Every structure is written in C-alpha cells, then in structure tokens.
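**Q** Here's the letter readout for the chains.
Number of protein chains: 2
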Amino acid sequence: MKNIKERLTALRSFLKENSVGAFIIPSTDHHFGEYIQKHFSCREWLCGFTGSAGTLVVTEHKAALWTDSRYFVQARQELPGSEVELMKMRIAGTPSIPDWIKGEVSAGSFVGIDPMLFSKGEFETLSGELYPLKVKLTDDPFKEIWRDRPPVTFNKATLEDISVGGCDSKSKLKLLCQKLNIEKDFIYILCSCDDIAWLCNIRGTDIPFNPLVISYAAFTKEKIYLFACAEAFSKDEESVLRNSSVELYNYSEFPEFIKGFNQDYIRVAPIDKISVKIFNDAVSSGAAFFSDPVRGGVTASQKAVKNSVEIDGFRKAMLYDGVAWVKFWIYIEEELQKGAQNLTEELLAKKIGEIRAQHSEYKGESFSPIVAFGENGALPHYSPFGNGPVKILGDSFLLVDTGAHYPFGTTDTTRTFAIGNLTQEQRRDYTLVLKGMINLSMARFIKGTRGASLDFLARGAVSSAGKIYTHGTGHGIGHNLCVHEGPQSIRMEENPVPLEPGMVISNEPAIYEEGSYGIRIENTIMCKKWVENRYGEFYEFETLTLVPIDTTPVDKQLLGAEAIQWLNSYHSYLYEKLSELLNQREREWLSVKTLHID
Amino acid sequence: MKNIKERLTALRSFLKENSVGAFIIPSTDHHFGEYIQKHFSCREWLCGFTGSAGTLVVTEHKAALWTDSRYFVQARQELPGSEVELMKMRIAGTPSIPDWIKGEVSAGSFVGIDPMLFSKGEFETLSGELYPLKVKLTDDPFKEIWRDRPPVTFNKATLEDISVGGCDSKSKLKLLCQKLNIEKDFIYILCSCDDIAWLCNIRGTDIPFNPLVISYAAFTKEKIYLFACAEAFSKDEESVLRNSSVELYNYSEFPEFIKGFNQDYIRVAPIDKISVKIFNDAVSSGAAFFSDPVRGGVTASQKAVKNSVEIDGFRKAMLYDGVAWVKFWIYIEEELQKGAQNLTEELLAKKIGEIRAQHSEYKGESFSPIVAFGENGALPHYSPFGNGPVKILGDSFLLVDTGAHYPFGTTDTTRTFAIGNLTQEQRRDYTLVLKGMINLSMARFIKGTRGASLDFLARGAVSSAGKIYTHGTGHGIGHNLCVHEGPQSIRMEENPVPLEPGMVISNEPAIYEEGSYGIRIENTIMCKKWVENRYGEFYEFETLTLVPIDTTPVDKQLLGAEAIQWLNSYHSYLYEKLSELLNQREREWLSVKTLHID
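Those protein sequences? They're chains A and Y, same order as listed.
When you line the first sequence up against our numbering, it's residues 1 to 598, in that order.
When you line the second sequence up against our numbering, it's residues 1 to 598, in that order.
Since the hints were derived computationally from the structure, they do not count as laboratory data.
A hint or two may mislead.
Note: identical chains are not told apart, hence a pair may lie in one copy or across any two.
DSBU-like mimics (lysine-lysine), calculated; alpha carbons at most 30 Å apart, straight line [unchecked claim]: (1) Lys-102 x Lys-179; (2) Lys-38 x Lys-62; (3) Lys-529 x Lys-316; (4) Lys-88 x Lys-179; (5) Lys-259 x Lys-134; (6) Lys-88 x Lys-447; (7) Lys-529 x Lys-88; (8) Lys-447 x Lys-174; (9) Lys-134 x Lys-184; (10) Lys-102 x Lys-184; (11) Lys-88 x Lys-327.
Quick caveat: nothing in here was measured; it's all calculated off a predicted structure.
All chains should be modelled from the sequences, with the hints used to inform the complete structure.
**A** Encoded structure:
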C-alpha cells in the first residue's frame, strides 16, 4: 500500500517535469502482444492490479483503473481503493477514459503517453476523443522511476521446419506481395511478433505461453528484414534464413533502419499494429505511408488460413492432447473415488501439464490453465493459482480450460465435469451450453459468411434460458503460435472478415451463474469446403478437438435429436481416433464415456 | 425499339448541350420512396425496363443498365439489347457504375445527375468513386425531352385519428427533440414521405401501394412545417393540424422556405434522406449543417418502434387478413377440386384482393401481389400480371405473397401451397424453409441484439441443404404505412440498429430452385419484452400473422420436435383467434388445416 503511494508520487513528479496533466498506462508491450514480459508490467507495478487487461490513468491528484467484467472482483481485491479508483468498463455510468480525463484536468493540459505502447490507430482515436486536450508523446517514465525493473530478456530462437510449417518464407513473401498488389516500391513494417514468427518460420520462448521471438521485421518485394537479438540464431540458422530471403539484423537497430530506409519506398503497415513511435520513425524522412486496409494486416490475414501441412499438424496435436485429457479425467475420477480430500484446483492444473509432458513433443501450455470448481467457474478467466487450496468437494461443476503447444499445432479445450449431484437448473444450463456448441459445429454456410452471422447459433441456446455469456463465442487459434489470433472471430460484434477454409477457431459458449457455478464447453473447429453447386460454394466446420464430453448432466429431450446424433457421432469418431493410443484400461474407460445416449 | 433509339438520341443532345460525358438515371423520385408516380419513371421511359430497381447510365455512344439478380430475366426480355447493355450487379466481372463510366468517357469529363434524385450521401460516395471525373448537377433532362410525360398528381389526404395512431404530432415532436438533444436552435429537414406521414399523422393516395402524401416537412423545437398540395387538406383539417403543432404550406414553396429560413438555425437531416438539391438550398444562406448520425434519421428510428395502440391495430389487421386468407385458400381448393381448368395466377392475384375488399375497413394492397406457380415461384419478385394466363395445373408449389392496408395496420404474408404430388427434394426444401422461419420465430435474445445476429437462425436451415436465398430475412413494416420500412432489418449484411420492443418485422426465408419451383413462408413478427433478470433484459418475438401453414409437405423428422411444437401451438392459437370470425363451414375447414402434426 505504502509502496504504491510512493510509486504514484514518483510518476506524478514525472508528470510535472513533462508538463502533462494526465498519463495513460496500458497493459501492452512494444509489440501489442497479449502476454508480456515482466519488464512491461508497469501498470501492475504502479497500482498492484495483476489482471491481463486494464488501463491506468494517473493525474496530479487522482488515479483510476479501467478494466472489464472479468476482473471486477480481482481488481477490487488488488487495488488500493484509497489511491486508485476502479472504473468498470461497459457498465452504465462509467465514463470513458477520455471523458474522465477531460473532467479531471484543466483546459489546455497535455495528456502523456509512451509512443511505443500505443498503435498509430489507437493514437488517432485517442487524439480525436481527447480533443481539445492534446496528446503528448513522452519518454517511458518507468525507465527512471522503476528502480529494480526487470530487463527485457531474449532467449535462443528456433527455426520451424518446412515439414511442420508447410511453406518457406520465400513463398510466403511472394504470396503477400501478390495479395498487396502495390505497383510502386514499398517496405511493409511488421511489429507483431506472431506475424513475424509466421513469416520467417521462427519460434521462441521470449514471451510466456506465446512461442514468440521478440522482434521487428519489414519486407520489400525482394526480401525480409528480421530484427532480433543477435544471439537468438546460430550462424548456421542465419544462413538458413538467408536462403529463404530473410536477412538478420540486430533488434535495437530497427528504428534507425526504418528511419534511414530509401525514402522512395512507400511505408506500409496496418495502423493498429504499428506503434506511434515506429510510425513516426518510418515517415521521418518524408516517405509516404499507406495504411494496409486488410483487417489485422495482410500477414495476419494470410497466417489465419492454415495450409494442409499445418492442418495435419493440428489434427496430430489434437490426438496427443486427447490422450492427455483421457488420462487426466481418469485421474480425477480415481482420486474422487478414493475419497481424496486433497484434490485441489491447483493440483489438477499442474497435473494436466504433467500428463501432457509425458509426450516427448509437448512444448508447453498455450495459456495459463483454468481449473475452477463450483462458484470459481463463474469467473471466465479464473486462475487456480494463489487462492489457497480449493478442494474439489461437494456437488457442482468442475470447469477445466487448458491448451498445449506442440511443434505441429496448438490446442485449446474446455470441458465441464459434473461432480456429485446437480440441480435441475444446472443440468438444463449444461445441456443448453452443449446444444449451443453443437449447433455451431453443425453449421453449413455459403462462402462470404462472417463469424458474426454464426455467433447466435451458439449464443441462442444460452439466451433461450434468459442467460448470456459476455465474451465472444470463438477466437482464431495459431499454429504453434498464439492461442488467440485474428483476424477472424465468432462474436456478436460485427467483424467484416469472412470465414475461409483453413481458418481454425474456438467454439466456446458458456453460462456463468455468479456465486454458484460456471459451465463452458469448448472445441476447436476448422472451416473447410463442403459442396459447390449452382448456388455457390458452401463451407462447414471440422471439429478438431478429440476430448470426450461429459454426458451425465445432459437433458436428452432438451438437447434434441439432431444434437444427440452429432454428439454420438463425435464420440464414436474420437473413440476410433484415440483408442489405439490408449492402453487397455484407458480404452475401456473411454468406451464407457463415449457410449451413445438416446 | 425505334422509340428508344430516338429517346436516347434526345438525351444525348442534352448531354452535349450540358457538356457532360455521361448521365446517371436512378429509379427513384424526389422523396427516395420505393414506389414512384409514372412522372418519375424516366429510366423505364428511356430504356424500356419496367423493374422497380435499376440504374441506367447513358454516354455519347453507349447505354447500360445495372440491376440485381431479381431482374436479370426480365431485363433481358425488356431491354433493346442492341442499344442498352445489361449489367448484372453483384456478379463477378460486372464493373461498378463509376468504374464503367471511367472506362467510357475521356479524362476531364463531367458526369451529370439530377440533384433532386440523389441524396447528399449518395452524391458524396459517387463523387469519391468517380474521382478524378467530376459530378455536374444539371436540370432534369426529361422536362424537355419527354414530351407526353404524365404530370405529378396530388390527391386528397386524410388525417389519422389518435385512436389508431396512438400519439399526436405535438407529442411526437417533443419526443424527437428529446432524442436529438441539440442545445442550439435547429431545423430538421424531412424529405421522406413516410417519415412525414408518421410525424404529422397524415395518410394519402399519391403513391401506389404506399399510403403517402407527397410532401416535405421540417421541424424546430416549436413546430412542424408541412409542405403539401394546397388542396390535400380541408380548412377544418388544416386547423386540426395546427392544433397539433403542424403548420401547412404549399408543396412548391419548400425550396424557398428552406433557403430563407433563419440562418442561425443549424440544418439537420440524415444525409441519405435529403437530396443534394435540398441540401444545397438549406445551406445556401451559409447556415451550418449537422448530419443526423442515427441510421435512417431520428424520425424513422422512432417510427419503427410501434406504440401500444399501433400494436393493437396490427393484431386487428392480422385477424381480418387471416380470415381473408382462409376464404382464399378454401376458394383455391374448391376450384382445384372442381377441376377448374381456368384457375390462373392472375385470377388468384385478383381474388385475394376481392376477398379482402369484402371487409369494409380494407384500404388496399400494401404491394403488388405475387402469385407464382411452379418455376415462376423461383423469381422472388415475380408478377402474375401481363404474362398471359398461367394455369395452376400439375404438381408443384403455388407461392402467394400479398399484403393489405387497414387504417389500423399493414400486413405482409407469404404462404406456399403444395399442389398435387411433390418430390422428395421439394418436401425437404419446404420443411427447411419452414424450419428456418420457426427458428427465428422462437428466438430469445438479450437487449442490444442486432438483426444481423439473428439472420442465420432462418438462413441456416436453408444453407444446411446447400441452398441460399439472396435477399434479407426480414424488413421492417410500417403501421398503415410502407410495407418496407427501416431502419431495422434481419439480414446477413451488418446493420448496427438493435431490435427493440415494438419493432415489427417480416420473417421470410425461402428457396428458389431456378426453372423449377420457389418456396417462401413469411410471417410478420414483433419484438417484445420477455424477461428481465440478473443477466439483463431479454426480448422475444410475437408472431402477428394469423394464416395457417400448409403442413402436407412437412417432413416431420427433419422439422424436429421443437419446431413441430411451435407449429402446433401456432395453429391452435390462430384457430382460436380466427374461428369466431368464420362461418361453420370455414371453421371446420380451418380445424382440419390446423390439426396438430406429430
């Protein structure tokens, strides 16, 4: 508490020195990733809030943190209320950040930001919303005031073999240039480490959960310029890269490189993925800038459409992951049968990782696992760590949401298990979540259909009971890359990106009954071609995930004949796929779990 | 044919005199309505194409007509191919109008438009797309060249009583000003006759099918200025209007009025509903303009949400209309049983009108009726008139889409009847269209949900069979006003308008098997409150239409238990509602038609 007071005071001195009336501290790093190194957790250091999403604003006399409904409880617990006010986003009456600042600072004030932490697009929007206040681009204040700040660390990187990635960088470059179709000379700027990892076929361990190399890149029609830590690649690897049109430079040289690059080359980037600082560097020589109009940029757009090698890799990853889930579920049942009094959420969260690690090709978790029993399941982004031991005891749901990276694919699966006796409402809610998940799985749709058109297939089953989930139904999933990946999504909110064959996406409707229980069932699905006829080309989904679904809570009449048929086929299919990878005992267990219901 | 050549030559002289290289002729009138008086059918006069949607472009040497898939066949038949090229909209390879013009005229040319026929919004978009060509605002060329052009006709108008409209103009004005919430003095400009009819509680017969008065209007915080034909209202009616804050002026005075209006008043309008000409008049004195950001404008937005008196009126209209449909269906069956060889589409199209006219309060058709047998049903906007007698003979579907105006409400209903024996594919398609219609009818959704989120409930059943319909699923419906009304819709395309209780909308999935048959089943539904709980406020639909649905083609297994239950309840409900308005014989017939299936 005292610490935070001192830290805020230090930042306020910086504000004064820089003549800014307010300072905005987001949750991101220089590459706009979802996970960040400790070095960039300035917001957490300053106010104590550890959630992954939250923006802090500090003025001379006040400080306030904006976060969304996932984190209201956590923020209330972690924030020193006397120093930092909690602003509940998307709740009636909560002012927007610009509106709040306008009410707090005097006319003519400047609002400070670190231009490495705001995209050009965010900066434009913010400037418009803050008007007539002006935005001032300052240095990173935490350089000075955060004395024991952890440094940025760079680890050894690896090259992704074409046998798992399916396409070399040279071919990817060619494809991107074709899609861009820009006649003049241009240099395309990439700041997102996952776009760079895909383009250059590199992977790393610089970022928690995301197998990324902290890097910048740029490409012209001729080659790719990669800026990473000098020690990340061996000489041999450097030459492999060079053979695939990737030239390696030192990470720190990027700003000077982009400043000094031939100014006859147009600079191109998606404005939501280039920082204000890099943007300003890029055009400082007077070069023209062209904003890539494709949502998320052409690289992300191409990355989202998995090639056949990547798709086969996903299928393989799902096999290994399915086996791990079977062993995990058997473990839970056996422990519960023993009457294990010490079975906790945290223990289970570690257990699934240990089971996966029995496979030699397992690389690690694709996100921090969620294991939530009873009322904890009602917090969509609950963490089983650091709450003291929460036992799996009594009658309720156990919600487990975990994922893994393999060199050939990434998984993301949620299952909700019935523990003990359930109420009628719990059985109904479970059935509706499952029904929604299945409805979306069965969709068949014409080419050009957007995720937003399909969202209600899953959401509608839940809202038929007067309940909702406030998150999206589906997010894109990377291939041994980020578990949350754009540009496609299946959400209520409009997203103009049509679903295309090869896009991998989650399917995860849910119900969160606050203070009581949570239910989420999540499969990974892939868009693929179905038929082509006089009406056009139609797509459907292939369910990639191979993990049995608990049928004990299902209300068969409510689920309905069509969904039951889907569920039975799914269970038959996954039994067939997994059984040969299981021992006799596991196989028998799975044959019971995948029994048809009717 | 020769006529058209001469007419095009006359227009080309106008082009030359006005130094424009191309001229664009849309399908609309000065008020951007869906139906227009003959006076405004310049495009038809010029090229022969009678469809309701189509844009003609004429250059020195060429002429081309852009229309959508509904009209490809018709346009091919009606256009003199040698003189006017058919451009198929939304078909790969068809250039956009601006792109085509750019390829046809020399650099530096002007492109002429009649500024009364383009909205300010359309003009802005067009100007951007035509760049570097410039748009030139000319006079109406048809004033000169169309010698026997029918004049604009103005008929007697009527006042809508508060007992059917539910809200007087004074209260509507107050509501609009509250919604607009503009501090400064303003004058809001209305060019859409349906917005004006709603605001001023007036109805007319100036436009086919739409009960409108050709008029302009404007309102300030104090009063409404209505510009209509001087003879449209009696002195008594004028004084009734004045008592409700509506001041009457002559139609032709509007341009001068808006030019001369106190220039301290900001001009306000939705830019898609004010013509370039009126916009230019409005700001010619130097007054500021504020574009109403609400989709369709605040008046349309308020008009779309029906009040309780209007809703009761809709329910009453559906009763009367349901009775007419029962008598109509009985008539068809009896004629077919007689083996009537002379039962034609046209005869049936007239018959439904005659039956409705037996009710003293029937005002007329809300659109031109569609009665389509067999392959004709595959044309979504088919007209049974002027094709020669098409007999209802053989095995296929008979598709009937008709609607009526009553003083208290407007109807729009489609039913598809099985005639003779159907194929397996026809039965499946019929069942899927019905299933889609029912899926949407059963939706329950959280406040804030947009129509685009719900569209796939109806569309998905159809696309599950690898078929599509290319039109929207639902359009708003006016209250004794236009049968197609915004701003809400249920379509694949994004529309940011959320559905609100009181909004009335159609629900009309379909399948069109070209050259073979068409199926469409359309009910009118209304959004209303369902429940409010800790998750928020939920809405559902009330089905307003009370017309039995042919159950003979239904494949029960494919329809599914939930939809069967809905259908049975619907039939029970409508039997209960309609039976007391029927005679003994009709009642018995209806009891058979509404028998539960299972």
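**Q** Regarding Lys-529 and Lys-88, is the shortest C-alpha distance of 30 Å or less found within a copy, between copies, in both, or in neither?
**A** between (42 Å within a copy, 27 Å between copies)
**Q** Taking 30 Å as the upper bound on the Cα-Cα distance, should Lys-88 and Lys-327 be classified as within, between, both, or neither?
**A** Neither. Shortest intra-copy (41 Å) and inter-copy (59 Å) distances fail the 30 Å Cα cut-off.
**Q** Within, between, both or neither: how does the pair Lys-134, Lys-184 come out at a Cα-Cα threshold of 30 Å?
**A** Classified as between: cross-chain Cα gap 27 Å, same-chain 35 Å, threshold 30 Å.
**Q** At most 30 Å between C-alpha atoms: does Lys-102 with Lys-179 qualify within a copy, between copies, both, or neither?
**A** between (43 Å within a copy, 24 Å between copies)
**Q** Is the C-alpha distance from Lys-102 to Lys-184 at most 30 Å within one copy, between copies, in both cases, or in neither?
**A** between (43 Å within a copy, 22 Å between copies)
**Q** What label fits Lys-88 with Lys-179 when the C-alpha limit is 30 Å: within, between, both, or neither?
**A** This pair counts as between: shortest inter-copy Cα distance 26 Å, intra-copy 41 Å.
**Q** Is it within a copy, between copies, both, or neither that the alpha carbon of Lys-259 lies no farther than 30 Å from that of Lys-134?
**A** So Lys-259 and Lys-134 pass the 30 Å test inside one copy only (25 Å; across, 38 Å).
**Q** Reference check for the pair Lys-88 and Lys-447, CA-CA at most 30 Å: within, between, both, or neither?
**A** between (39 Å within a copy, 19 Å between copies)
**Q** When no copy is specified for Lys-447 and Lys-174, does a C-alpha distance of 30 Å or less occur within a copy, between copies, both, or neither?
**A** within (25 Å within a copy, 47 Å between copies)
**Q** Using 30 Å as the alpha-carbon threshold, which applies to Lys-529 and Lys-316: within, between, both, or neither?
**A** within (20 Å within a copy, 48 Å between copies)
**Q** For Lys-38 and Lys-62, with the copy left unspecified, which applies at a CA distance of at most 30 Å: within, between, both, or neither?
**A** For Lys-38 and Lys-62, the Cα distance is within 30 Å only inside one copy (25 Å; across copies 67 Å).
In this structure, only the earlier hint numbered 11 is contradicted, and the remaining ones agree with it.
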